[in-house]
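Asker: Heads up: the sequence shown begins at 681 in my numbering, then just goes up one per residue.
Please note that a few of the clues may not be correct.
The following label-pair restraints were derived from C-beta to C-beta distances [unchecked claim]:
hint: 1; residue 1: G690; residue 2: E770; range: 31 to 39 Å
hint: 2; residue 1: Y778; residue 2: P696; range: 14 to 22 Å
hint: 3; residue 1: H768; residue 2: D734; range: 20 to 28 Å
hint: 4; residue 1: Y778; residue 2: E719; range: 18 to 26 Å
Derived lysine-lysine pairs resembling BS3-like cross-links, with alpha carbons at most 25 Å apart [what the hints assert, rightly or not]:
hint: 5; residue 1: K731; residue 2: K741
hint: 6; residue 1: K777; residue 2: K731
hint: 7; residue 1: K777; residue 2: K741
If you're looking for bench data, these hints aren't it; they were derived computationally from the structure.
All values reported here derive from a predicted model rather than from experimental measurement.
Cβ atoms here follow ideal geometry from the backbone N, Cα and C, with glycine treated the same way.
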Amino acid sequence: MAYSIELDDGTIIDVPDLANDGSNWTTYRDYILYVAAIEDFVQQLDGTDAKPIDATEHELKAWDQRNTMAKLIISITIPDSLLMCIMHLETAREQFKYLANRFKTKKNDVT
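Please model the entire structure based on the sequences and the hints provided.
Answerer: Listed below in structure tokens is the structure:
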């Protein structure tokens, strides 16, 4: 299943699904990072918005919603076989890092 996002100007961006063999990892990664920037959850993917430890119920719920949105976008753009490998991971960061480590093609590939 592909993910589409509509920009304020009406432009629709279609995020490609990740190929089962990861052959389109670089393109997929870039699109996911673009969407994350637009939807304001890059911090969930890069780990800078870590799960709060001493947080109010409201803060924890807000973090969980951001994390869940990021995980959702990953999960609907990858094959079920890959989803089975990452669905047990708690954070979108852990999921994205798993995929990056599995499919990165260069040492300097951004995760």
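Asker: Now tell me if each hint is right for this structure.
Answerer: So, going through the hints one by one against the coordinates:
Distance hint for G690 and E770: a CB-CB separation of about 36 Å, consistent with the stated range 31 to 39 Å. Take Y778 and P696: their Cβ atoms lie about 19 Å apart, and the range 14 to 22 Å holds. Distance hint check for H768 and D734: the Cβ-Cβ separation is about 26 Å, which falls inside the suggested range of 20 to 28 Å. At about 21 Å, the CB distance of Y778 to E719 agrees with the hint of 18 to 26 Å.
Note on K731 and K741: the hinted pairing holds, with a Cα-Cα distance of about 10 Å set against a maximum of 25 Å. Taken as a hint, the K777 and K731 pair is honoured in the structure, with Cα atoms around 16 Å apart against an allowance of 25 Å. Between K777 and K741 the CA atoms are separated by roughly 23 Å; this keeps the pair inside 25 Å, and the hint holds.
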